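2 protein chains.
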Amino acid sequence: MEASFDTEESFDDPSCLSPQSPGSTSPARRHNKEKEIKETKTTINGVTFPLPMTMPEQELLKPSEWSYCDYFWADRKDPQGGACIPGFEVLLQKQLKGKQMQKEMAEFIRERIKIEEEYAKNLSKLSQSPLAAQEEGTLGDAWAQLKKSLADEAEVHLKFSSKLQCEVEKPLLTFRGDNFKKDMKKYDHHIADLRKQLLTRYAAVEKARKALADRQKDLEVKTQQLEIKLSNKTEEDIKKARRKSTQAGDDLMRCVDLYNQNQSKWFEEMVTTSLELERLEVERVEMIQQHLRQYTTLRHETDMFNQSTLEPVDQLLQSVDPAKDRELWVQEHKTGEFRPVDLDI
Amino acid sequence: MEASFDTEESFDDPSCLSPQSPGSTSPARRHNKEKEIKETKTTINGVTFPLPMTMPEQELLKPSEWSYCDYFWADRKDPQGGACIPGFEVLLQKQLKGKQMQKEMAEFIRERIKIEEEYAKNLSKLSQSPLAAQEEGTLGDAWAQLKKSLADEAEVHLKFSSKLQCEVEKPLLTFRGDNFKKDMKKYDHHIADLRKQLLTRYAAVEKARKALADRQKDLEVKTQQLEIKLSNKTEEDIKKARRKSTQAGDDLMRCVDLYNQNQSKWFEEMVTTSLELERLEVERVEMIQQHLRQYTTLRHETDMFNQSTLEPVDQLLQSVDPAKDRELWVQEHKTGEFRPVDLDI
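Sequence order for the protein chains is A and B.
Take the first sequence: its letters are residues 8 to 352, numbered as in this note's numbering.
Take the second sequence: its letters are residues 8 to 352, numbered as in this note's numbering.
If you're looking for bench data, these hints aren't it; they were derived computationally from the structure.
The structure displayed is predicted, hence computed values, not measured ones.
Any given hint might turn out to be false.
No distinction is drawn between identical chains; accordingly, a pair holds when it is met within one copy or between any pair of copies.
To be verified - In silico PhoX-like links for lysine-lysine, alpha-carbon gap of 20 Å or less: (1) Lys229 <-> Lys177; (2) Lys217 <-> Lys193; (3) Lys192 <-> Lys246; (4) Lys154 <-> Lys272; (5) Lys154 <-> Lys106; (6) Lys331 <-> Lys104; (7) Lys121 <-> Lys132; (8) Lys104 <-> Lys128; (9) Lys110 <-> Lys166; (10) Lys203 <-> Lys101; (11) Lys69 <-> Lys132; (12) Lys189 <-> Lys224; (13) Lys246 <-> Lys188; (14) Lys101 <-> Lys341; (15) Lys188 <-> Lys104; (16) Lys331 <-> Lys251; (17) Lys193 <-> Lys247; (18) Lys193 <-> Lys69; (19) Lys341 <-> Lys84; (20) Lys121 <-> Lys155; (21) Lys272 <-> Lys229; (22) Lys170 <-> Lys272; (23) Lys84 <-> Lys214; (24) Lys104 <-> Lys155; (25) Lys48 <-> Lys214; (26) Lys193 <-> Lys132; (27) Lys104 <-> Lys203; (28) Lys170 <-> Lys154; (29) Lys84 <-> Lys177; (30) Lys155 <-> Lys69.
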């Protein structure tokens, strides 16, 4: 993490110990004014960001990749509630939504399976219909095959639904089972804990800052009082005040250090974890693409198999022969070939 | 109709007037025996056929064609009832059954249409499902198209069912409407009437035969009586008896003529009408063949159109790009690019 220094002087420089009075343009006041003008950072919800106008050159960690690790540092204000959602939460929600999408796609495939099974059942039943079963000969054969072809079609659609189930629905359902949600929860808690710590550490920094300001003011007042001999404060008191001021400065430095360490830790976890989530999302999209392609492959197959159920029907229809059928029927049903002759007297 | 003569002598030949007595082997008796041995025809249900053993060469009217007009001359005994069904009835029943087959085939197609409509309805409904509608980017587009393809498939199946209805079901139903049954009834009645007449005429022949036999016997008896001077019958009585005998012979000839004319008429109608039924049956078989081929053509088409609904899906699945999707999503949902910086004292 890059360091950024502002122009504030160190606490130990006695030249900053100058009296402050309203309206004066003492060096100290001018110095404070300059400090306000040169404010370059801001801490929001415990996280410290550079201010835009004084933004140092921050190159993206992964330029041109629209990587998660580059775009989710700040919290997002919820427009309605006013509550803040950390950028990481947004990434997590995307993951959970992705899992939900998987599930819904599997459900859709399940519905398709049901439709195919219903269709197959109906075709199969109709195939067994006795309608026109009494048709005989080559026409009867063609008709019987036409009826049978419905059973063959039913078979094709059942096979389709069966493959849909194991090659599309099941993978979509079982990809990343229950462990996924647990993993997401772990990431969630881990990152949230680091943020909580950061807030705590920042509060400590603020407290230390205030304590330092109090100590400094006390020292200032006591020094002024000594100069105008306002009280019977001794050098001893001023040394004590100065010691307390120095201690407060040390405390502040320690607090800021701890804060920065914490923030660094959070930063690293953010980069690592968001890149993991990014990888998981790529994996999810590719998995879904693969299985939806499997869906279309199965559909293509099905239409082709369906076509082939017509071949025997086409052949038999080609062979329909009214003369042949007449021969078969006449042979079976003829009543007599002898033609009548005149009666004789 | 070919004439066939047996070896019976004419009635006017006085040499057949010979006494008949049991046991004698008079020329007359020998003549009668010869007559029995040379019986070459038989009349069944009013129709006269040659007997098989003395069958003259009867060539088929339409050789090698298994034509209706060659095979339905005799009546068929109903094995269960014992009643007789004329050969023509068998042909008529085949026609009516053919019409029934048409109707049943149309019904089958109707059932297929219902199945297709149900399938289309289900696909269409599922196509509008909001499942995974929140998927975005290139993956979302591919998914949306996949869902839409179900609506396209539904459209294909609706078109199929619609064409089935007008190109297959309707023609099968309406081919030979109600007039057909009326025509069949007309043929039925016409031929049946000719048969009834034939029976009547044959009964008349039998009656005339008996009358002649009676007259001949009477003449014979009277002649014998004259020879042995048994009675006081005069020549006058014999002349009367002979005249009556001659008249009975003439009556018989007339009855036989009328019978033969009737039979000829029936024969002609049988040939004409059975050939018409034969033609109608060829037409029916060809019509059905044509429309069942239309069915398979529509099925082939449907499978092809169904395949084409996948093209846009395949294309969009090809274009699925996790990096692109990340870019789109990050652009929309990013919370902040500024990375955190150290807090300063």
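For each hint, the structure was consulted:
Taking the closest pair of Cα atoms, Lys229 and Lys177 never come within 20 Å of each other, the shortest separation being 79 Å inside a single copy and 113 Å across copies. Taking the closest pair of Cα atoms, Lys217 and Lys193 never come within 20 Å of each other, the shortest separation being 36 Å inside a single copy and 120 Å across copies. Proximity of Lys192 and Lys246 under a CA criterion of 20 Å is satisfied in neither setting, with 54 Å inside one chain copy and 137 Å between copies. With identical chains, the CA atoms of Lys154 and Lys272 are never at most 20 Å apart, being 73 Å at best within one copy and 45 Å at best between copies.
Taking the shortest Cα distances, Lys154 and Lys106 sit within 20 Å of each other only across copies (19 Å), while inside one copy they are farther apart (45 Å). Taking identical chains as interchangeable, the C-alpha atoms of Lys331 and Lys104 lie at most 20 Å apart only when they sit on different chains, with a minimum of 18 Å there against 68 Å within one chain. When the C-alpha separation of Lys121 and Lys132 is checked against a cutoff of 20 Å, the pair qualifies both within a copy, at 17 Å, and between copies, at 13 Å. Taking the shortest Cα distances, Lys104 and Lys128 never come within 20 Å of each other, neither inside one copy (36 Å) nor across copies (30 Å).
For the identical chains of this complex, Lys110 and Lys166 are neighbours neither inside a copy (23 Å) nor across copies (33 Å), given an alpha-carbon limit of 20 Å. In this assembly of identical chains, Lys203 and Lys101 lie within 20 Å of each other by CA distance neither inside one copy nor across copies; the values are 22 Å within and 93 Å between. In this assembly of identical chains, the alpha carbons of Lys69 and Lys132 never lie at most 20 Å apart, being 61 Å within a copy and 45 Å across copies at closest. Taking the closest pair of Cα atoms, Lys189 and Lys224 never come within 20 Å of each other, the shortest separation being 52 Å inside a single copy and 124 Å across copies.
For a Cα distance limit of 20 Å, the shortest separation of Lys246 from Lys188 qualifies neither inside one copy, at 60 Å, nor across copies, at 131 Å. For the homomeric pair Lys101 and Lys341, the shortest alpha-carbon distance between copies (12 Å) is at most 20 Å, but the shortest distance inside one copy (81 Å) is not. With identical chains, the CA atoms of Lys188 and Lys104 are at most 20 Å apart within one copy only, with a shortest distance of 11 Å there and 69 Å across copies. For the identical chains of this complex, Lys331 and Lys251 are neighbours neither inside a copy (121 Å) nor across copies (58 Å), given an alpha-carbon limit of 20 Å.
For a Cα distance limit of 20 Å, the shortest separation of Lys193 from Lys247 qualifies neither inside one copy, at 49 Å, nor across copies, at 138 Å. Taking the closest pair of Cα atoms, Lys193 and Lys69 never come within 20 Å of each other, the shortest separation being 25 Å inside a single copy and 94 Å across copies. For the homomeric pair Lys341 and Lys84, the shortest alpha-carbon distance between copies (12 Å) is at most 20 Å, but the shortest distance inside one copy (95 Å) is not. Taking identical chains as interchangeable, the C-alpha atoms of Lys121 and Lys155 lie at most 20 Å apart only when they sit on different chains, with a minimum of 18 Å there against 23 Å within one chain.
Taking the shortest alpha-carbon separations for Lys272 and Lys229, neither the intra-copy value of 42 Å nor the inter-copy value of 152 Å comes in at or below 20 Å. Proximity of Lys170 to Lys272 under the C-alpha cut-off of 20 Å is found in neither arrangement, the shortest distances being 48 Å within a copy and 70 Å between copies. In the homo-oligomer, the alpha carbons of Lys84 and Lys214 never lie at most 20 Å apart, since the shortest distance is 26 Å inside one protomer and 121 Å across protomers. Taking identical chains as interchangeable, the C-alpha atoms of Lys104 and Lys155 are never at most 20 Å apart, the minima being 47 Å within one chain and 22 Å between chains.
In this assembly of identical chains, Lys48 and Lys214 lie within 20 Å of each other by CA distance solely inside one copy; the values are 18 Å within and 138 Å between copies. In the homo-oligomer, the alpha carbons of Lys193 and Lys132 never lie at most 20 Å apart, since the shortest distance is 54 Å inside one protomer and 40 Å across protomers. Taking the shortest alpha-carbon separations for Lys104 and Lys203, neither the intra-copy value of 25 Å nor the inter-copy value of 89 Å comes in at or below 20 Å. Taking CA atoms no more than 20 Å apart as the test, Lys170 paired with Lys154 passes between copies only; the shortest distance there is 19 Å, against 25 Å inside one copy.
In this homomeric assembly, Lys84 and Lys177 never come within 20 Å of each other (Cα to Cα): the closest approach is 39 Å inside a single copy and 67 Å across copies. Taking the closest pair of Cα atoms, Lys155 and Lys69 never come within 20 Å of each other, the shortest separation being 62 Å inside a single copy and 37 Å across copies.
The structure shown violates the earlier hints numbered 1, 2, 3, 4, 8, 9, 10, 11, 12, 13, 16, 17, 18, 21, 22, 23, 24, 26, 27, 29 and 30.
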